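One letter stands for each residue in the lines below.
There are 2 protein chains.
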Amino acid sequence: MFQTAAKTFFVSAATASAYRRVFLVGLRRYCKKTSTKLRVSEALSGAQLGADVKVQGWVRSVRPQKNNIFLHVNDGSSLQSLQIVADAKLNDPLLTFGSAVEVTGTLKNSPHQKQPVELEAEQIRVVGECNPVNFPFKIKKRHSLEYIRQLPHLRCRTNAFSSLLRIRSEATAAIHSYFKNNGFVQIHTPIITSNDCEGAGELFQVEPSGPAMVGDENFFSVPAFLTVSGQLHLEVMSGAFSRVYTFGPTFRAENSQSRRHLAEFFMVEAEISFTESLEDLTKVIEDVFRSATERVLARCAEDVDLFHRHVTPGHRDTVEAMLNKSFPVISYTEAIDILHRSSEKFTFPTDWGCDLMTEHEKYLVKHCGNVPVFVTDYPYDLKPFYARDNQDHPKHTAAAVDLLVPGVGELCGGSLREERLNLLMDRLKRVGLEDTYNWYLDLRRFGSVPHGGFGLGFERYLQCVLGVDNIKDVIPFPRFSHSCLL
Amino acid sequence: MFQTAAKTFFVSAATASAYRRVFLVGLRRYCKKTSTKLRVSEALSGAQLGADVKVQGWVRSVRPQKNNIFLHVNDGSSLQSLQIVADAKLNDPLLTFGSAVEVTGTLKNSPHQKQPVELEAEQIRVVGECNPVNFPFKIKKRHSLEYIRQLPHLRCRTNAFSSLLRIRSEATAAIHSYFKNNGFVQIHTPIITSNDCEGAGELFQVEPSGPAMVGDENFFSVPAFLTVSGQLHLEVMSGAFSRVYTFGPTFRAENSQSRRHLAEFFMVEAEISFTESLEDLTKVIEDVFRSATERVLARCAEDVDLFHRHVTPGHRDTVEAMLNKSFPVISYTEAIDILHRSSEKFTFPTDWGCDLMTEHEKYLVKHCGNVPVFVTDYPYDLKPFYARDNQDHPKHTAAAVDLLVPGVGELCGGSLREERLNLLMDRLKRVGLEDTYNWYLDLRRFGSVPHGGFGLGFERYLQCVLGVDNIKDVIPFPRFSHSCLL
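Respectively, the protein sequence lines represent chains A and B.
Heads up, the first sequence is in this note's numbering, so the first residue is 723 and it goes up one at a time.
Heads up, the second sequence is in this note's numbering, so the first residue is 723 and it goes up one at a time.
The list treats identical chains as interchangeable, and a pair is accepted whether it falls inside one copy or across any two copies.
In silico BS3-like pairs for lysine-lysine, Cα to Cα no more than 25 Å straight-line:
id, residue 1, residue 2
1, K759, K902
2, K902, K776
3, K836, K862
4, K1117, K1151
5, K759, K1005
6, K1005, K776
7, K811, K776
8, K1084, K1067
9, K1084, K1105
It is worth saying that the hints were derived from the structure and are not from the lab.
Note that the structure is predicted; figures quoted are calculated from it, not measured.
Using the sequences and the hints given, assemble the complete structure.
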């Protein structure tokens, strides 16, 4: 019996080590089980006060004090970071601005006013180091949009650009929701196309690079381009569905460094069958603008606030004004009258028949009270072949509409489409495109209906709502002449 | 007094005409007001029984009888058409298959079992004619998918392809919902890129066509390509947000006419930070697949049924089986063992280290019970530089995973990414890409975290759920070598 007791008690060193291992694994499992993995936004919501949690993210500030160390940890789930309080002995020289950490501890009410919740840390593990000397962002420094634009692979780690990307994501979802809730079918219109929608130049052409290219033959047997608009493809679809839309990238090979142009930008386009007048379009355009903006203001309040406070102070008032008034509608002819009556000196001519330039658009917006304004019924000769002939005279117009907005100018362009076979055919004949667009004429030969549509520049929309001056600051990876980083 | 009465009574002809005009305008307004414009799906819902309505759409069948004429009108809002009953005197020779009509009348209970509601027409207006001799679709004829594929501008007017497009739209929305509900930020990764993600060929190059090209210089100053994957751009973002995704077109200049390949196809890609193992990825992949499929089956029941009944009879059972079992996980090494043990004669070798080919993938899926199966931990040398080294031996593997599905083979590919700076740098050095990917190494220099991601081919997903054999039949405008219609 003594022997047995001795055996039981005096376990070998190996067995002890095995026991220890089992105990530690058990303990680790237990700890793992009780530490709920939370995102920073979930932790900040306060719903888990008192819980043992694990939070993972990147250090935004480090403040060592005599007894404690304070960290702010951000994981991109919200603009706000979570404050971590730890015993000074948990400090680590690797805990630097930009480093990645995993913190376990208990969520507590914070004694500080600024945030209601803080994490009392039991353990802080540095997951990924960040040498503060080499890291191009510096703690507590506000970097300009121009500076961070030079660092496309890191700029999402700044407050401003992470806010922008959350807003962009929410605005995208809001636009999809609007169309879905209103019975539109989403169509993935193609990027590569053999059409040249606008009949204009400024196209990118596409061919395989290197070996896939066989001789002089085109890969697609025909010259192929990057799309400038999904309109014609949507018109195909509007012959079967009454309401369709697309939301994706479009391209212009414009040799421009402007603050309003990109070589690759996102466009929301819709096409609606059985339209009766331009009002059927302006109503949808205004609704999309309003519903997306209201949702973004409601769901990304903090992120939008960052822009309205720090990037463009005062812009909030402009946005409120846009939402509080209905958008005025003026005809192109009225617009020309307004420009003629003004005392402003314009660089470009303002005669009837001339295109409205950015300077004119900006003047018209201001004239109408700095709210978005629709301009309708442009000169027939200014508009592409598909715009519907108003058959008026002596001032011959087409049923086209643009939406001009504060700060940006043209946000959106649309038109009723010429659904009458004979008129469309005559116009295509006049420009020698009858054969090229024979398939398009088919759409009018077989069950043609009055229809119309529009395209809205998504980056310009974000510029307009946030007050961002340069279009390169509202897209994750801007492409323009002489620049294609990453 | 008499005179006054006479004056009142004997109004002039001009005034009478004016009164008549006012009366008619009033009557028209009244009529307009009481005819609610309804979509076919709304009319069929039965909610507006007894109401005076206006329905607009395209004629899918015409059946004139002695006293009545029966039409079916479809507007793309659902697979089902609305039955119109009208007095025979409303017949019109222009009321043909494919013509566009506007019908006003009263919604009634239908005496026919097939549909609960019909529209008793008061007026039928042919909005757009359709000559049945020239129209390439014929009434009551079922056209093959191959035939309608030749008519990309009209095929959306067939039942099968309009169902496909509604399903595609709903599946798209379902995928966005999944990611949004799970805290992912949507990133619009660029189409034009200076990266060559896979290190492989088969890239499309992009340059302006014609005048925008200045001399021999590249438009972007560097060679620019169409993206083959948004992964590296998502990895950038996963250094600031813990969960990001993108859903858009990707490109391969493959000279292939296969039933599983396109030059332009849609991909869902996600990247997740703070992963612990491949399970963190397989869980998300399986969840996306399930949630999207369940939603599509629930919300597009009729449309999916058309495919499961008429296009691939019996496929419904396959889909049910996929949803009822959890997806098995086998390692690549186990997969190779299974292939070795099988009695099947394969064309391609099945030695450890060889890539799995379509024939192998299909065998493995069958072997596992014809459900989707994950294959993990592929040979290190088969995987690109970014795949995480498992540091095992003698069989050296990387933490990569593919999802193989019935009928299609590879649906999805992913991996943990090498987050360890020294390992990544060594591998890039070995292939001479250290400088090219210096920016990518920066992501590991500054706050690197364990992370991983995957890409899911959206067209293959639709093929898998609907049982469609040819990938060209699940995309609105297919692009492949020698074909870029419209």
